[in-house]
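> Given next are the chains, with one letter for each unit.
Protein chains: 4
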Amino acid sequence: MTNKMLIKNGTIFTAADSFSADILVEDGKIVRLGLGLETGSGDTVLDAAGMEIYPGGIDAHTHFALPFMGTVSADDFETGTRAAACGGTTTIVDFVIPAKGQKLAAAVAAWHEKAAGKTAVDYAFHIALPEVNAQVLAELPAVVADGISSFKCFMAYKGALMIDDDQLLQILRAAKEHSALVSVHAENGDMLTHLMKRFAAEGKTGPEYHVLAHPAEAEGEAAHRAILLAAFAGAPLHIVHLSCDEALREVAAAKLRGQLVLAETCPQYLLLSEDLYRKNGFEAAKWVMSPPLRAAANQDKLWAGLRDGFLQSVATDHCSFNFKGQKEMGKGDFMKIPNGIPGVGDRVNLLYTCGVRAGRLTRNQFAAVIAAGAAKIFGMYPEKGTVAVGSDADLVIFDPARKGEVSVRTTRHNVDYSAFEGQRLDGLPAFVISRGKVVAKYGEFTGEKGHGRYLKRKKFDAAEWCH
Amino acid sequence: MTNKMLIKNGTIFTAADSFSADILVEDGKIVRLGLGLETGSGDTVLDAAGMEIYPGGIDAHTHFALPFMGTVSADDFETGTRAAACGGTTTIVDFVIPAKGQKLAAAVAAWHEKAAGKTAVDYAFHIALPEVNAQVLAELPAVVADGISSFKCFMAYKGALMIDDDQLLQILRAAKEHSALVSVHAENGDMLTHLMKRFAAEGKTGPEYHVLAHPAEAEGEAAHRAILLAAFAGAPLHIVHLSCDEALREVAAAKLRGQLVLAETCPQYLLLSEDLYRKNGFEAAKWVMSPPLRAAANQDKLWAGLRDGFLQSVATDHCSFNFKGQKEMGKGDFMKIPNGIPGVGDRVNLLYTCGVRAGRLTRNQFAAVIAAGAAKIFGMYPEKGTVAVGSDADLVIFDPARKGEVSVRTTRHNVDYSAFEGQRLDGLPAFVISRGKVVAKYGEFTGEKGHGRYLKRKKFDAAEWCH
Amino acid sequence: MTNKMLIKNGTIFTAADSFSADILVEDGKIVRLGLGLETGSGDTVLDAAGMEIYPGGIDAHTHFALPFMGTVSADDFETGTRAAACGGTTTIVDFVIPAKGQKLAAAVAAWHEKAAGKTAVDYAFHIALPEVNAQVLAELPAVVADGISSFKCFMAYKGALMIDDDQLLQILRAAKEHSALVSVHAENGDMLTHLMKRFAAEGKTGPEYHVLAHPAEAEGEAAHRAILLAAFAGAPLHIVHLSCDEALREVAAAKLRGQLVLAETCPQYLLLSEDLYRKNGFEAAKWVMSPPLRAAANQDKLWAGLRDGFLQSVATDHCSFNFKGQKEMGKGDFMKIPNGIPGVGDRVNLLYTCGVRAGRLTRNQFAAVIAAGAAKIFGMYPEKGTVAVGSDADLVIFDPARKGEVSVRTTRHNVDYSAFEGQRLDGLPAFVISRGKVVAKYGEFTGEKGHGRYLKRKKFDAAEWCH
Amino acid sequence: MTNKMLIKNGTIFTAADSFSADILVEDGKIVRLGLGLETGSGDTVLDAAGMEIYPGGIDAHTHFALPFMGTVSADDFETGTRAAACGGTTTIVDFVIPAKGQKLAAAVAAWHEKAAGKTAVDYAFHIALPEVNAQVLAELPAVVADGISSFKCFMAYKGALMIDDDQLLQILRAAKEHSALVSVHAENGDMLTHLMKRFAAEGKTGPEYHVLAHPAEAEGEAAHRAILLAAFAGAPLHIVHLSCDEALREVAAAKLRGQLVLAETCPQYLLLSEDLYRKNGFEAAKWVMSPPLRAAANQDKLWAGLRDGFLQSVATDHCSFNFKGQKEMGKGDFMKIPNGIPGVGDRVNLLYTCGVRAGRLTRNQFAAVIAAGAAKIFGMYPEKGTVAVGSDADLVIFDPARKGEVSVRTTRHNVDYSAFEGQRLDGLPAFVISRGKVVAKYGEFTGEKGHGRYLKRKKFDAAEWCH
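Residue numbers (this note's numbering), protein chains in the order written: chain E, 23 to 489; chain G, 23 to 489; chain C, 23 to 489; chain V, 23 to 489.
The shape of chain E in the complex, shown without the other chains (with noise of 0.2 angstroms):
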């Protein structure tokens, strides 16, 4: 006997479409979009009369339980995923970040391990690659198989994660014969080393100095090298967490040039400057994460990104720590302030207010950000990032009317902070909808442990993007 949920009432946008429909879903699936649907005694019904309905939210960008700078990211899957689903998010993305020498295998498995059973909403697997050599490279295609098509370089941490452009050059020829794509986080390592042994060496120690420390020029610099070294490779490339004019200009001209360049930014980055590293004292440990917040006229330049497509989606980096006791290592020397900031379960909710109802992203614009960019690019479309017929029941249904806004006291991170503590919400949703299952209600967490499933996402092929 099938598991039947009716949604009546509501208006539907997709990244390309708006229309009015009931949708009628079995176990868990979308079966039928039409006018005036009925169903059976027994099923469930929403009513979304007034109600906006959105694919579920994909964030592709966490980082959950992570051993990171001597301590281990505040939020789990467990809660991590809890939190996405009160804001609208409906399925995760999370890096497997090995440690060097580690077999990648053994690494996947021990995310694995730390997800399974545990996640409120589905979750898949990007692989960060913190060293090339022989072993690394034969694991590839079995990491791919496994549904990991996405290998994670970092041009920054040097002497950490950081690899050289030789390296690079080797994932995005291997990354192309595989399949996979290759996703940079895009810092010039030696000049953010170059500064901070400065900074250190003039005993400038504050949190101010991070930002200093990581100016947007080497964010340029770095992107403008990984989409010439991905042209070069003849390999498509994705930037995460795009925070800069600098870096946006580089991805614009590669797009002016018919470059395969895909890339992302965070809500940071679209609604907080760097001016909150200067008028907070140590609080603005806060907000020590890389890239740091920008100069405010970034904001404009990125939106702008997202609504002309220079930028396809934006996800969280969510790596929080508590302020007490984990950002507070950084005392005295910003380099030990774990970096990161919560926002997994704030992100949709901030796009909606601050991108739909601020008139900066079109509503299908906004579907297309936080959802079917990311699913399209990481191999999870057509089951996620749409609400169309044959799709995952994945939803998130706006009611406009309702009002609210972030706080500590209400997102369900397991955090001591709200990086967007204060920012007024217009419009919040009133259920989100997992594979057919409502796991909040305006905020509140309905779901269960271990609903989440894993997702094996499909290869990248650059043919369907025409390239």
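Heads up, some of the hints might be wrong.
The list treats identical chains as one, so a pair stands whether inside a single copy or across any two.
Distance condition first, Cα-Cα at most 30 angstroms in a straight line; then the derived DSSO-like pairs of lysine-lysine [as the list claims (entries may be wrong)]: (1) K140 / K125; (2) K226 / K198; (3) K481 / K51; (4) K301 / K125; (5) K323 / K471; (6) K26 / K51; (7) K30 / K51; (8) K122 / K219; (9) K478 / K226.
Think of the hints as simulated: they come from the structure by calculation, not from any bench.
Owing to the predicted nature of the structure, the values given are computational and were not obtained by experimental measurement.
Chain E is already provided as a structure; the job is to place chains G, C and V on it using the hints.
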């Protein structure tokens, strides 16, 4: 009693989505999309197994029954829309072109008269503005209210249709005020005049001089100027029949600056080159149009422009003249060759074969450039331009297995040659459906004269484009 | 018997070199440069110890005794060249401006008559071409043969001096054929007309609207178009009185493409800003000129343009009108304010203080932009524009220790205000020498009316620029 | 008693000026320029009637007696400077290249020892910095004080000379502090390493793979990065042996932004192309150098770069190895071919014929790129680089009527082949004069070993460039 049609087993492609679903149509509207839909006795059922279903094509640039250069274009609204139907196009937008001094309302009435009761598919109008004065400006609100929300301006045809920059600024400002969109024919009319006078003085009268008198630089310059004037006026801009990289780069640069500039190209610029002018003697007159065919190197640039979103649609600029008796008027003087080619019946087929099948466009991009783009730009969405609940059941259903060839013998244009004669087609429209009626099957017209309705188009609202 | 002068102990600066040497002059020519030169009794000896010797200034853009906008410019060839001499300028190039219908030869003759016997320094002519027709084109070779090898075209002043792009192409081609150089006043006259009509209709008549009616976009657009037309014609181009970054970027882009585009700016654009229009009531009329003063941010760009070689010279566009009685004609209608400012006597001083002493120009660059650049562009080199054996002994000898101030009380212009009133001067010309005659000492005129000679300029040969 | 020379009847060309004058030289200095100069009995008189007199050439990039890749370059300071003299070059600047760990002072001393008493013309030194550490940084002020005010950094030769971006930033900052100029070898060493490893793994060992392992993209990328790092450090930058449009565009873009970036190219990049690698079997090894020869299309771009001032000088990177015995070390492994070509004796001749006579450079530009540019950039002006009173009498006097041909038989290099064999020469140096001594006549050496003196170069002062 309702008129129902069920289209079963097809795969549907919209500008963003791809999914398998049956389509239920009632009274010309799509009312349901779903798996395993059923219908009652007496309803039409089409089996689309193995077929690809797209939104019906929209050709936003036709000139039917146009008095031009001392003759009248060969296809009228009857033959033109019948050819459109046979070729997968279910909506056309024709240009009302008033004479100087004529009231706009009179010109619009004349165009209505030409079309009324004759068309096989739905139709709408743009209006051209060959002069600007107090009367013209005063009439614009009424024109927009009548559903004609786009104004065409000519930067070429000096002494005839061409307006100057002062006038263009006036129209841009008026269009912005009245929520209409300005379309420009972007060629520097002074440059063309200069060259035509020179060639005339030098006795260079063959059709091969037409292209030399219409250099790509003239189009690039005019595009640059129109874009700058639009920016200065704070108005959106649409560029019609963009033919060359010189103009495309201006459009792309504007997008990088965040300006709202939209543009269409045509199949002839994507597929044919100026070499045709050089090897065919006077037969080259068949391809005399403005802008002319360009150097072949432009073609890849234009395809990339469609793929990457710098160009949003493909229209035909269909303006057919018989070679015998019409094109021949220009024997001995290329300036007297009536400008234009037939194409309304070929566009969708050409783009399917040379775009989708050749790997230059995804199926979603194909849906966008043949239909969704124009629908959104010209205020016809969501009635037209997509396959969604509530939309008109305007569909083109491709049988990818059927092969064909473009030929004057098979297209339904009322003209004695084909501009694309001999082009192999890899996939053909099995069914073309206009508001639930099958108007063509495998290229044979099955519709009826007068089925087509006039579409009042909505205003252009820049806020919907987040501008 | 020869007339000898020995200038001892100075330091000489040319466009490329800096060296200490004595200068021996015979019959107005430099015949020897060397250490420890000696001369005979009766010869003039100037001691330039501690002083800097530059080639005499060339102001390639003056309008003396010009009938314009219903009046005549206040400085004629007598007062204008006397002021030039006092201010370090030993050559001026004035514009012959024929009336429409007037034979060019007649206009040239009229200009010769205005100048003959009156000038204190040497002079040459450009010719403006306010219309293009067979007669005008036929006269050009004779004009060039008479030493007038540059043709000025106006893209502004619609309905008066403005020509269209067809005409501009004709002139570019004719200039190329006859080895002359086309100079353009680059503003889009249609845009200006559009704005002036609007302001008139809105009752905006104050001088502060002059700048709003002459936006930088209009200059950038015209520069772009002129450069493209010149490229199309294969002709070199010179842009006069370039005032803004919008136009400068077009010039620089052309240089990057390898095109031969030369340009001059003026002291007013380097030193004054549009703020003057807003804070002075009708007194702002003093600075009403076309192009107008620009936003202050342009100034650094223009200085950099001079330093980096994108701009080759600085001229004044001297066209002086008394505030009383002349500028006042535009009270109540800014369009009737005679356009122009005085400056021929200030240019060299302003560039020395604000260029050399302020660290924006090297002494060699100063020599280039006040003299060598114009001499080479306009066919007056090597007689003019350098300090070398065989050149005319036209020199401006700066005393870097002497300080002064620009003021209507001290400049020798025949006009009732100074555009640069109060500008402090750090260094002044001790001696100004024209063909071996001291025509000014520390700002006092010591020359004589009629000393100046007409200079027949050489043709413009693009091959000398390796184009 | 002074040593006098009079050069009569020649035409003199400097970077800015062209004039006819006699030149009087006393004790190696130019003391007088003038018409009809006379001299006493016993003085040397050269008749330069019909000849062109230029400043003696400066080759700012030589590697004499350089231990490199397991051998030593074939020309030492004796043979190299003798060839220079015969070829019109009167100053060379060689690179001191310390071993890692070696004190800079020791390396400088070693270079002095190689040169002292051996050179036919004057010489100066740059220093290369293959590593950065506290000792190196501490030694820099002394190096600058000794007249070595330019530091060479390698972005290529990974594992040997290459430094990373952190080190480059350190050197840029140190150079700025000590008023020195950083020169970079701009190739991305990681890319080269990547490609060389691949080719080695694939058994691709012939010299034709050298160019494939050194793609133009790698040079463009490194130029972009070096320019960005210099901007970040607020330091000027010089790029050596720029070979391709990819890098040239970066330099030009920097100039447009107002950044102080200087660059040299070499005759081989202006005149030879990568085709030589493909058609000569192992003989291609003769042209193995880094950067390699490029696609022929780059040549016009580089000539335009010189003409338009984006490139300021032409040096040779002379580093000669005999084909027999030295180049042959790389048979079977292109990575073992000693990199470099001879050229110090050919440069001035090649630029005269292929630049001046071919219409690509004016005679003034020729003076600039063979001499004045390097003199000013590297602190040797005005002693070197011009023909002016007070300057050293270093001159190359061209007889434009004499024809010749480049050949290993006639150049004076101590090496068994010529890189430009067979190039026709249209004009030859009749006399080459170093500080008043004729060191070569029509290619025959007339100087003496040990005549050359060490030049202490001045510091680099960005303020002199108005930066």
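> Next step is simple, just say for each hint if it's right about the structure.
Right, here's what the structure says about each hint:
1. K140 / K125: within (24 angstroms within a copy, 61 angstroms between copies)
2. K226 / K198: between (43 angstroms within a copy, 22 angstroms between copies)
3. K481 / K51: within (23 angstroms within a copy, 37 angstroms between copies)
4. K301 / K125: For K301 and K125, neither the intra-copy (44 angstroms) nor the inter-copy (47 angstroms) Cα distance is at most 30 angstroms.
5. K323 / K471: Neither: 39 angstroms inside a chain and 51 angstroms across chains, both beyond 30 angstroms.
6. K26 / K51: Answer is both; intra-copy 9 angstroms and inter-copy 26 angstroms each pass.
7. K30 / K51: For K30 and K51, the Cα distance is within 30 angstroms both inside one copy (16 angstroms) and across copies (19 angstroms).
8. K122 / K219: Both. Shortest intra-copy (24 angstroms) and inter-copy (23 angstroms) distances satisfy the 30 angstroms Cα cut-off.
9. K478 / K226: Intra 46 angstroms, inter 40 angstroms, cutoff 30 angstroms: neither.
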